[in-house]
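Let the hints inform the model, and build the full structure from the sequences given.
For the sequence shown, this note's numbering assigns the number 14 to the initial residue and increments by one for each residue that follows.
Keep in mind that the hints were calculated from the coordinates and are not lab data.
Treat the numbers as computed from the prediction; the structure is a model and nothing was measured.
Treat the hints with care, since some could be wrong.
What the hints assert, rightly or not - When the alpha-carbon atoms are kept at most 27 Å apart in a straight line, the in silico DSSO-like pairs for lysine-lysine are as follows:
no. : residue 1 : residue 2
1   : 129       : 35
2   : 129       : 69
3   : 129       : 244
4   : 25        : 35
5   : 129       : 25
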Amino acid sequence: MKYHNKICAFIKKGFLIEKRYKFHISFYIVRILIACALYYYLAGLISSADNPLLGKYSENYFVFILTGISFFTFLRTGVMIFTEETVRAMNLGLFEAMLATPTSYLTLIVLPSIWKYVFALFQTFLYLLFGIVFFHARFPDPNIIGTIIILLLMIMAFSGLGMISASIVIHIKKGDPVNWMLNQGAYLLGGVLFPITILPSWLRAISHILPITYGLNGIRHAIIDGWTLQKLLPDIGIMLLFIVILLPLGIFSLSLSIRRAKVTGTLAHY
14 MKYHNKICAF IKKGFLIEKR YKFHISFYIV RILIACALYY YLAGLISSAD
64 NPLLGKYSEN YFVFILTGIS FFTFLRTGVM IFTEETVRAM NLGLFEAMLA
114 TPTSYLTLIV LPSIWKYVFA LFQTFLYLLF GIVFFHARFP DPNIIGTIII
164 LLLMIMAFSG LGMISASIVI HIKKGDPVNW MLNQGAYLLG GVLFPITILP
214 SWLRAISHIL PITYGLNGIR HAIIDGWTLQ KLLPDIGIML LFIVILLPLG
264 IFSLSLSIRR AKVTGTLAHY
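What follows is the structure, given as structure tokens:
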């Protein structure tokens, strides 16, 4: 089967499984709508104070939050999906058998994650749709192409982090400290809900080494400020640097953990 056919097959499989659980989909939609309402009124309260710490977003703070929480979905997905797929295969006792097939371990772990990214895109679309339709969020001149480029770069960088997280789970079996630290740390320090400029200098220094900081910065420049591709080049360049570091590191750590587990004979149990 050609590679693109495999991708389509995994997306179809994910869609058919998700389609069976209609309450799950309904719950997601309601949860996103409630989250939008919560952040809308919170943003109204903070914006009304004309807080100088919010800078240029003091009068448009809800749009700042909306883009943060909607595109943060891709970090959460990227960090968790490879671990979830690995743990599921281990719990079912399938991981060792899967790795014994001619299919590469990257294909076995990466392809099932594609549907999760498609579902994350669906969630992001709902956030933005509800924000625009029900809560008057406005994006006057969005650079759609720039937004897509930054988003694709974010997905690749976050996938590297997810592979590192999965490699640790293969080794330690129970618990995932990397997953927890990345999610919580990024939510606090990545500029999801507030500009990182309000943080003390020592926390800002940590923010500047997180890919989510530059990813959301680029997304906001593209979708809110309407920056051209030329003006987005610094954000794109930094995200490419993260990809060059994190993606090979993730592939290497995952490969190393699998080889070690084969030697120790721990692939078959969780």
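How the hints compare with the structure:
no., hint, in the structure
1, 129 with 35, "holds (17 Å)"
2, 129 with 69, "violated (34 Å)"
3, 129 with 244, "violated (31 Å)"
4, 25 with 35, "holds (16 Å)"
5, 129 with 25, "holds (12 Å)"
This entry does not satisfy hints 2, 3, going by the numbered hints stated previously.
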